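There are 2 protein chains.
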Amino acid sequence: MSPQQRRSGLGTNQEAVRRHNLGTLLRHVHGAGQISRAELTSLMGLNRSTIAALVGELETLGISERATPVGGVRQGAGRPSAGVAIAAEGPFVIAVDLGVDRAVVARIGLGGRILQRAQAPVHSDGEAWQVGASVAALIRRVVADAPAAAPLVGIGISVPGLVRRSDGLIRLAPNLEWHDVSFGGIVLAALGLDVPVQLANDADLGALAEHIRGAGVGVDDLIYVSGNVGVGAGVIAGGHRLEGAGGYAGEIGHLRFNPEGRPCHCGNRGCWETEVGAHAIAEAIHCPADKVAQLDEVLDGFAQPSRELRETGTALGHGLASIVNTFNPRTVVLGGYFRSLYRLVGAEISAGLADRALPAPLESVTLAMPGLGSDSPLLGAAEIALEPLFVDPVAALGSALVDVRGRLAG
Amino acid sequence: MSPQQRRSGLGTNQEAVRRHNLGTLLRHVHGAGQISRAELTSLMGLNRSTIAALVGELETLGISERATPVGGVRQGAGRPSAGVAIAAEGPFVIAVDLGVDRAVVARIGLGGRILQRAQAPVHSDGEAWQVGASVAALIRRVVADAPAAAPLVGIGISVPGLVRRSDGLIRLAPNLEWHDVSFGGIVLAALGLDVPVQLANDADLGALAEHIRGAGVGVDDLIYVSGNVGVGAGVIAGGHRLEGAGGYAGEIGHLRFNPEGRPCHCGNRGCWETEVGAHAIAEAIHCPADKVAQLDEVLDGFAQPSRELRETGTALGHGLASIVNTFNPRTVVLGGYFRSLYRLVGAEISAGLADRALPAPLESVTLAMPGLGSDSPLLGAAEIALEPLFVDPVAALGSALVDVRGRLAG
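Protein chains in written order, with my numbering: chain S, 1 to 410; chain Y, 1 to 410.
A couple of the hints might just be wrong.
Said to hold, decoys possible - Which residues of chain Y face chain S? A partial, calculated answer using Cβ under 8 Å: (1) 87; (2) 238; (3) 242; (4) 243; (5) 245; (6) 364.
As the list claims (entries may be wrong) - Listed next, the stretches of chain Y that the computed footprint assigns to chain S, with coverage defined by at least 3 CB atoms under 8 Å from CB atoms of chain S: (7) 251 to 259; (8) 324 to 334.
Worth flagging that the hints you see were computed from the coordinates, not collected in a lab. Quantities reported herein were computed from a predicted structural model and do not represent experimental measurements. Yeah, the Cβ is synthetic: ideal placement off N, Cα and C, and Gly gets one too.
Model the full assembly from the supplied sequences, consistent with the hints where possible.
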């Protein structure tokens with residue numbers, strides 16, 4: 001925002017700048033978990049009295065609280081700089097990781113702290129309203145111990161499918177067999193609440209969370225490749241989320257891979273997903289169909305890779321080469337069951353990649369495991385629900401709900 | 001930049017903000033070619049007197065001049081708003097489009113105006129210093145009529161290959177058989193000049209130019225797919241250039257397409273380029289090898305597509321489907337010889353895309369021809385050379401050269 005006086009009046013402009021700065025300061029607190037005022041002064045390029053005023057406002061809003069400085073964080077020879085910590089009874093969000101076989105729901109506070117979590121099976125042939133009712137029941141469980149004064153900012157939902165950015169409509173969740181499902185509305189109706197709800201693709205949210213507090217902190221060109229029955233990617237490019245025109249970017253499971261290959265559920269033949277997707281791997285290792293959604297656990301039971309798994313590793317590496325040639329990422333994070341696959345056939349994956357990628361993009365890329373384990377999409381869902389707090393904390397708290405436990409019990 | 005007073009002092013901060021605003025205003029003038037003060041006031045959210053002061057400074061710097069308002073651009077009932085136009089003897093850049101068979105060089109002013117152009121053949125087995133000498137000779141020709149007072153801001157070079165972003169090193173230009181060539185330095189040495197020089201990949205620059213003043217104006221998710229002997233893409237995602245960690249993003253010619261296919265120069269087999277690259281098409285239509293680099297002209301001579309060309313069109317569509325699934329673009333611009341191919345087999349290209357892309361990203365994508373014809377990479381090269389003027393016009397003019405014609409003649 002430019003500092004000149006707008007024709008709309010200096011007062012309004014100053015207020016907008018102040019709220020923007022308040023949100024930016026909160027984003028730093030959220031990223032660090034706890035931070036000193038001296039660090040905030042340095043990060044934001046504002047003077048000490050401005051920082052002190054903003055911190056005071058966050059305390060008044062109940063978002064942050066004073067922390068005793070740890071160790072020797074000092075400003076020159078002066079007093080130790082006071083710390084800013086996340087308030088124990090501060091705002092929180094509900095994050096939902098909707099999987100093909102189970103839903104994980106968590107109450108999550110600023111700093112990405114998982115305060116309470118619950119999960120339940122999902123039947124892949126279930127209707128959306130049935131799944132919505134299960135998710136609503138899990139939400140009731142995770143708010144059971146929430147402090148009455150803590151405000152619920154919103155709900156974020158990670159979806160194994162294509163989500164329209166403009167309104168969160170699930171256009172396609174192939175392994176749930178959902179088409180054009182307004183799942184956010186279904187969950188709110190089941191709860192009888194009206195709070196902001198955000199939905200996004202699971203791999204996109206995995207990339208976001210890994211970028212903010214996982215394996216990709218400080219990495220501006222990052223790809224999170226998710227093996228979650230289907231195969232997809234979330235892409236951070238130049239520090240920005242790659243979303244595409246409608247929010248559908250990253251459907252790399254449907255890159256052409258083997259035109260003579262197996263039929264894909266998308267109607268084509270030989271998509272990459274038909275070689276490295278969970279169904280293909282399950283078939284290769286004779287895993288029963290009802291265990292496909294727990295492929296990571298099945299793979300973790302292997303002591304040695306079979307020939308078929310080594311071939312799958314090579315195919316994963318070959319496909320990653322196409323992705324490295326296309327995006328030139330610094331880091332490729334292998335999420336979902338690809339984590340377990342990497343433990344078994346990491347050498348084949350790396351060799352397949354090295355064999356097929358162009359030398360220039362290959363030389364600077366690293367394969368990495370998720371820093372957040374299997375929670376990346378869940379924590380990413382929390383991030384999109386928290387986002388309004390970082391744009392304008394005052395407005396976001398204004399539309400937040402207090403005493404959610406009481407309201408849901410009533 | 002935040003409006004608060006920095007610890008470094010209000011004066012310095014104000015000067016930085018003023019230069020930033022001056023550059024932003026110039027970017028608007030550059031984009032529009034000619035623009036009224038009223039439009040600038042509205043676009044920049046600054047008041048009339050601030051805009052008037054900035055416009056006055058651009059005039060003093062010799063960058064812009066007063067224009068008589070065209071038609072009835074009026075502010076309310078008052079006087080017609082004075083216009084801002086690009087100065088006839090204002091700053092310019094040299095843009096170089098290095099092709100596999102020829103180099104095109106132009107003197108280009110603000111507003112993307114091509115003021116003078118020249119071209120010469122390039123021998124694909126030529127050494128880099130020979131090509132550099134040819135390019136230097138072309139540069140001497142295009143500055144022959146440059147006004148002595150007009151400053152040269154810099155040189156931008158479009159390269160058919162992988163360019164390292166950090167220093168402009170050409171890592172690989174496969175069809176020139178160049179590896180790790182510092183072509184910018186070679187051209188400057190041949191000229192005996194020291195001016196800023198920027199290099200980037202031709203498809204990346206095509207995307208940039210089409211986004212600024214071609215088929216992609218106002219389109220934030222755009223892919224320029226370039227058929228230029230090799231096949232590559234430039235990607236604009238969410239309004240930002242997709243560059244990747246090293247600057248190598250967009251090498252979609254090396255997407256795996258047909259694992260049983262022809263060997264590719266990259267060492268793999270069946271890359272997309274082996275099916276839709278110029279050599280593959282030339283072979284299919286029995287075009288002599290020495291005409292491959294002019295494939296667009298050869299294709300323009302066809303009245304009817306052969307069966308082979310129709311198959312190529314289908315393969316182009318199938319590959320575009322992978323790209324649409326990966327990036328979810330709003331517009332795909334077909335550059336280079338793909339323009340000529342589209343005229344012949346547009347139906348097959350569109351059908352191949354529709355047959356293989358996922359419905360959600362397919363529904364909002366449009367195939368388009370370049371708005372700038374075959375000049376997109378050339379105009380993109382001008383953009384990267386002009387860029388310092390939009391960051392800080394005062395500093396950019398400070399490092400510009402005047403009387404380039406005289407210096408090169410001396």
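**OP:** Mind listing which of the numbered hints don't hold for this structure, in increasing order?
**Re:** 1
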